[in-house]
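Visitor: So the chains spell out like this:
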Amino acid sequence: AQTVTQSQPEMSVQEAETVTLSCTYDTSENNYYLFWYKQPPSRQMILVIRQEAYKQQNATENRFSVNFQKAAKSFSLKISDSQLGDTAMYFCAFSNSGYALNFGKGTSLLVTP
Amino acid sequence: GAGVSQSPSNKVTEKGKDVELRCDPISGHTALYWYRQSLGQGLEFLIYFQGNSAPDKSGLPSDRFSAERTGGSVSTLTIQRTQQEDSAVYLCASSVGGGKDTQYFGPGTRLTVL
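Protein chains in written order, with the numbering used here: chain A, 1 to 113; chain B, 1 to 114.
There's no promise every hint is true.
Some but not every residue of chain B turned toward chain A, in silico, with C-beta under 7 angstroms [claimed, not checked]:
no.: 1; residue: G42
no.: 2; residue: L43
no.: 3; residue: F45
no.: 4; residue: Y48
no.: 5; residue: G98
no.: 6; residue: K100
no.: 7; residue: T102
no.: 8; residue: F105
no.: 9; residue: P107
no.: 10; residue: G108
Which stretches of chain A does chain B cover? Using the computed rule of at least three CB atoms under 8 angstroms from a CB of chain B, they are [said to hold, decoys possible]:
no.: 11; region: 37 to 45
no.: 12; region: 100 to 110
Rather than coming from a laboratory, the hints here were simulated on the basis of the structure.
As the structure is a computational prediction, the values presented were derived from the model and not from experiment.
Glycine included, each C-beta is placed from N, C-alpha and C at the ideal position.
Model the full structure from these sequences, guided by the hints.
Guide: This is the structure we're talking about:
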């Protein structure tokens with residue numbers, strides 16, 4: 001079974017600063033996919049970024065980037081130039097070539113003025 | 001285009017009653033998923049549909065839970081004889097296909113069982 005661990009239940013960052021959210025996972029698969037989803041108070045889960053395990057290059061989406069360390073089974077999310085609208089729960093998720101997403105417990109991020 | 005929609009947004013019911021939760025996936029998405037989000041258990045996978053078929057129902061917590069999908073589109077999750085531990089947010093997602101395709105989520109239905 002695959003497990004996803006997010007070791008930081010809560011984090012806080014000041015507006016315009018950079019913050020990194022940690023995620024580690026455990027799998028015996030070689031081909032898989034990793035995701036970061038954001039869930040604001042509205043409950044809507046929004047895809048932030050996606051990484052294919054076979055790609056060496058770290059994924060980037062505007063202010064969001066990942067540090068994917070396959071050997072270490074680590075997948076951290078860096079948010080640059082944090083904005084108040086980034087305040088949300090962030091979930092790391094894993095999927096092999098099947099279908100179900102395995103989620104971590106989440107990290108609650110608060111961006112302060 | 002329209003995203004995944006779910007109804008109702010909130011549902012309050014009494015213990016022992018049956019409830020139906022509805023999901024409208026993104027048009028053209030063949031795969032549909034149900035997850036449950038609760039404080040104690042986090043996000044749990046419930047069931048997956050490819051077209052109208054459910055190859056994997058292993059996540060359904062008990063035989064009180066059932067789901068169907070018709071016309072390769074709308075899905076209904078039914079909980080019979082609701083219990084207080086069924087209180088949670090039920091999230092639906094859809095993807096173009098299964099496997100590696102990104103899942104897009106709806107806003108969820110918050111179920112409260114009194």
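Visitor: Please name the hints from earlier in the document that this structure breaks, with their numbers sorted from lowest to highest.
Guide: none
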